[in-house]
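Trainee: Now for the letters of each chain:
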Amino acid sequence: MNLLEKLDAAAAARKALLPDGVGAFGIPIEEVYSATEARIGDRRVLLLGTNNYLGLTFAPECISAAHAAIDREGTGTTGSRMANGSYHGHRALEKEFAEFYHCTSGIVFTTGYQANLGTISGLVGSGDTVLIDSDSHASIYDGCILSGADIVRFKHNDVADLEKRLRRLGDRVETTLVIAEGIYSMLGDQAPLADIVRLKKAYQFTLLLDEAHSLGVLGETGQGLVEKTGLLDEVDFITGTFSKSLCSIGGYCVSNHPQLEQLRYVSHPYIFTASPSPATIASTRAALELLRKGGHLRKQLWDNCTQLYEKLKQSGYVVGPDPGPVIAAILDTPQQALLLWRNLLEHNIYVNLILPPAAPEGKSLVRCSVNAAHTPEQMSYVGDVFSKLRSLVN
Amino acid sequence: MTDSKYDEIMQLLCDRLSSLTNTHIEITPETNLISQLSIDSIKLLNLIMEVEDAFDISIPINALADVQTVRELVDLIYKIKTTA
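Respectively, the protein sequence lines represent chains A and B.
All residue numbers for the first sequence refer to my numbering, where the first residue is -8 and numbers rise by one.
All residue numbers for the second sequence refer to my numbering, where the first residue is 8 and numbers rise by one.
These are computed hints drawn from the structure, not numbers from a lab.
Certain hints may be false.
[Stated by the list, open to error] One-sided excerpt, in silico: chain B residues whose CB lies under 10 Å from chain A:
1. I34
2. N39
3. S42
4. D47
5. S48
6. I55
7. I68
8. A70
9. D73
10. E79
[Unchecked claim] So these bits of chain B aren't anywhere near chain A, every CB distance computed over 12 Å:
11. C21
12. T30
13. E33
14. K50
15. M56
16. N69
17. D82
Positions of the beta carbon are idealized from the N, C-alpha and C atoms, including for glycine.
Can you make the complete structure from the sequences, with help from the hints?
Mentor: Structure below.
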């Protein structure tokens, strides 16, 4: 089988699952009306499949900041952070992230994906070890592969399993990076951070926490799981993304370790790419300010999360262990998930469809992402439709 | 470690692969994990975690890049076990 035939085989497998060309993946969104509504085909749909957790995509403060930055600095930096791509705004945003987390250093990356790639591959290398949760995001897996370090997985959110694997490493634990996530993107559950920190004190490894989905969502000021648990000082490196609660694109890493600055000189995903555009940086800075003061947004978000999570549970769906902005209905087969996804769309509700091997444990997911701009009426409608469709997928 | 350990690893892997794949194909040392057994990446990674527990070793998943057949997987596990 040559290279192109391999791609044909993969395409055939996808077509077998989606025989009538249903565009579940990469569906075109023709118009966006607000943080909660858009047009797909000729349907006006409710958006329940975005990561717009605080509902800030149309925040006037962010839009006017982006407009002003374009007028002032143009559409792009056309260069690397290492060369001509570090403007005042990039440095200011790094300082603001560091202050937000009470850390000494912060680095801004061009995407959240690159924040993990660049941080992990800058911290560990050949001969080192990374211990990662089995449900880790692809950016964590790819960062580990890029690093050349030995990659060992532990069972998802299983601290006893993590400890067993730490014990096996023996002296190698000194050069081991353990990676967890504030909120996991598939089931929406949270890392057992207090238990992981207990192991950190016993085994002395380095700890990286990815707050991509928890930034803006957890903690009084929205720092994430570190704030909710009061364990900010125990985590060595925090990464995250701008593309969820901050409604733009980019990523960051913050730390109190001065060695973080060295990543600017060794991390290929930081160096060998163009820096974020001035408009992206400006809207992110405005969004970070709104996020810090967004207690009311978090309250609205959590009211919405709890309402939909409880409704799905009451309706008989198997859902993740924790309520949160990511609420996944877990189904046994891809066919069940596809049926539910299509019927939701026919009721003008757009959610994410996730099939094996992307979904954990061979299951399939119909995943909702709730945001603070959803109204209680919209949440009621979505819950009622899920409830009505339950017998269909049984 | 003796050759009986190698045989033990081979037996355990063949048993687990047989139940994982639910196939009627006879699993031999030369069986290709992907083209013949259609083991996807996640199943293989989960199998590796089971093997780690069975033999109390760490198997870096990046070491699997060179593994295609059952024998190559047994060789890798045996090598790690003997140098642990």
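Trainee: Next, verify each hint and record whether it holds.
Mentor: Each hint tested on the structure:
1. I34: Nearest chain A Cβ about 20 Å off; hint violated.
2. N39: This interface hint is violated because 13 Å lies over the 10 Å limit.
3. S42: Cβ of S42 of chain B sits 9 Å from chain A, so the hint holds.
4. D47: holds (5 Å)
5. S48: holds (6 Å)
6. I55: The hint holds - I55 of chain B has a Cβ within 10 Å of chain A, the shortest such distance being about 8 Å.
7. I68: Holds, because the Cβ-Cβ distance from I68 of chain B to chain A comes to roughly 5 Å (cut-off 10 Å).
8. A70: Holds, about 8 Å.
9. D73: violated (14 Å)
10. E79: violated (18 Å)
11. C21: holds (21 Å)
12. T30: holds (16 Å)
13. E33: holds (23 Å)
14. K50: The claim breaks: K50 of chain B does not keep its Cβ more than 12 Å from every Cβ of chain A (closest is about 8 Å).
15. M56: Not fine: 6 Å to the nearest Cβ puts M56 of chain B too close to chain A.
16. N69: violated (5 Å)
17. D82: holds (18 Å)
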